[in-house]
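With these hints in hand, go ahead and build the complete structure from the sequences.
Top to bottom, those sequences are chains A and R. Just so you know, we're using this note's numbering here: the first sequence kicks off at 11 and counts up by one. Just so you know, we're using this note's numbering here: the second sequence kicks off at 102 and counts up by one.
Note that these hints are calculated values from the structure, not bench results. Idealized CB from N, CA, C, for every residue including glycine. Hints should not be assumed to be uniformly reliable.
What the hints assert, rightly or not - Cβ pair distances, simulated, as ranges:
(1) A:ALA23 to R:LYS335: 53 to 59 Å
(2) A:ARG133 to R:ARG274: 35 to 41 Å
(3) R:VAL256 to A:TYR21: 29 to 35 Å
(4) R:SER297 to A:ASP69: 45 to 51 Å
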Amino acid sequence: MIRIKNLEFRYAADSTPVLRSVDAQVGDGQYVAVIGPNGCGKTTLAKHLNGLLTPMSGDVWVDDMNTRDTASLRDIRRVVGMVFQNPDSQIVGMTVEEDLAFGPGNLRLPAADIRERVEESLRTVGLAGYEKRPTHTLSGGEKRLVAIAGVLAMRPRYIVFDEPTSFLDPAGKRRILNVIRKLNQSGMAIIHVTHDMDEIVESGLVLVMTAGRIELAGSPAEVLGRVETLKAMGLGPPQVTELMWRLRRSGQDVREGIMTIEEAVKEISSLVDRKTISCGDGAHPGV
Amino acid sequence: MFHLGQYIPRPSVVHGLDPRVKIFTTLLVSMTILRADPPKAAVLSLFLLVGAWAARLSLRDIGTALRPLVFFFVFLFLLHLFFTDGRPLVPAFPAVTVEGFARGLITTWQFMALVACAALLTMTTTPSELISGIERLLRPLRAVRISSHDFAVMVSMAIRFVPTLLLEFDRLRDAQLSRGADFREGTVPERLKKVSSLAAVLVLQTVQRADDLAQAMDGRGYARGSRTYLKELKMGYADYTVMIFALAFVAVLYVFPF
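Next up, the structure:
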């Protein structure tokens, strides 16, 4: 379990705090989404989880290790892996297999074990057969997957993803999100940092951050139900959520907590079947 | 990009040899080349040709390594041809001597052979194999507290970032071009100034990237000193054979009075 207690952080002693009294927990196998507008402190929080940053005050514990304790940093980083936003600054190898071998090599594993981990993590991200590819010839999406595989080769129990889908096309995004879901299903705890509301639906717990604080915490349905609050924070709810919210606001009898297109289609169809569509403000008769 | 002796993947015996054997043989043969007289030069040329044949490299492949240096080879030859004292080759041109011609030939051959020899190494060995070979050869330096592992990580990372930095440079230049910058116009100092502003941004970005990279490496458990590798080098039957043959070849070349 990762426990964050009253965490405060600023980059310089006299600057404004980036994180203010943050409290949170991530259990084994849990999927936690951290969402917030740019500059709210998401990435700074993420970097505290494996001791890349040390709290100004407050504490972060990974299992029973405090990230302030430099002697346990190596162990902490074996338990909590981190995938950064830009794959180009985390791929160190000239070829895919050399890059994936970097972490296990640091753990001083014998060559046969390194090979096993390389193959296994490539299979997990769906890049089997890419071993000999030079890393600079990969597409943006493939580089992300290699960066994820590089962290998987360390066999962590938690992985922190910092905006893993930024700058990717829809197909690339889906590929990454599928890998994250698969990892979580196989028991890996996920901390998914994003500013895209569409990506939090899969998670078990959503932490909404603004200006260095956790403003809102709850299940995706609970958080997405607070459309006004989200809008006030500068976060656009997913289109489906917003559509259902507007329908309800205009007096339609739709239920709360709808997050996926499939659910929305079902709800609207049943509304049409029941012929109970009322014309909200009367401006559009015959909808 | 530079094509000087870049790796060419081919299914050959030479490609499969242990990089340490290839580095060792290259050094050995290079030293022999530098001390060769004409008969030895002929034998060594034959050796290089056989090497290229065994590596399934054509003369054209070797040529790509030599071509960028053609001007240098011609210059070297002319220098010796005109500036060596001795008997005139043709009575009409006393500056051109028989000795100059001979010395020009052998010196130019020496440089061409050296480049070809190095190309044989780099065309049949990937940069990573080369690095792990050098890393293993440098391991004894541990005795003087120099870590060959750190050296290997440093060099491979430097090579890994060459294409990334080139791409970044292109991106920066395009951004400045689209904002009206022109790197082709103006006097040389003016152009240098423009390019140097580009370089400043590139350096800044690289420093930023180095910071991110260091954090990512930390996150993957990097620590200075000992580490293990995906491929541990192991000398095989063919490796010992080639090494013994190379040693014997050079020994015979010096023992035998031609």
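Hint by hint, here is what the structure shows:
1. A:ALA23 to R:LYS335: 53 to 59 Å: holds, 54 Å
2. A:ARG133 to R:ARG274: 35 to 41 Å: This hint holds: roughly 40 Å between Cβ atoms.
3. R:VAL256 to A:TYR21: 29 to 35 Å: Given about 33 Å between the Cβ atoms, the range holds.
4. R:SER297 to A:ASP69: 45 to 51 Å: holds, 47 Å
When the structure is compared with the earlier hints, no violation turns up for any of them.
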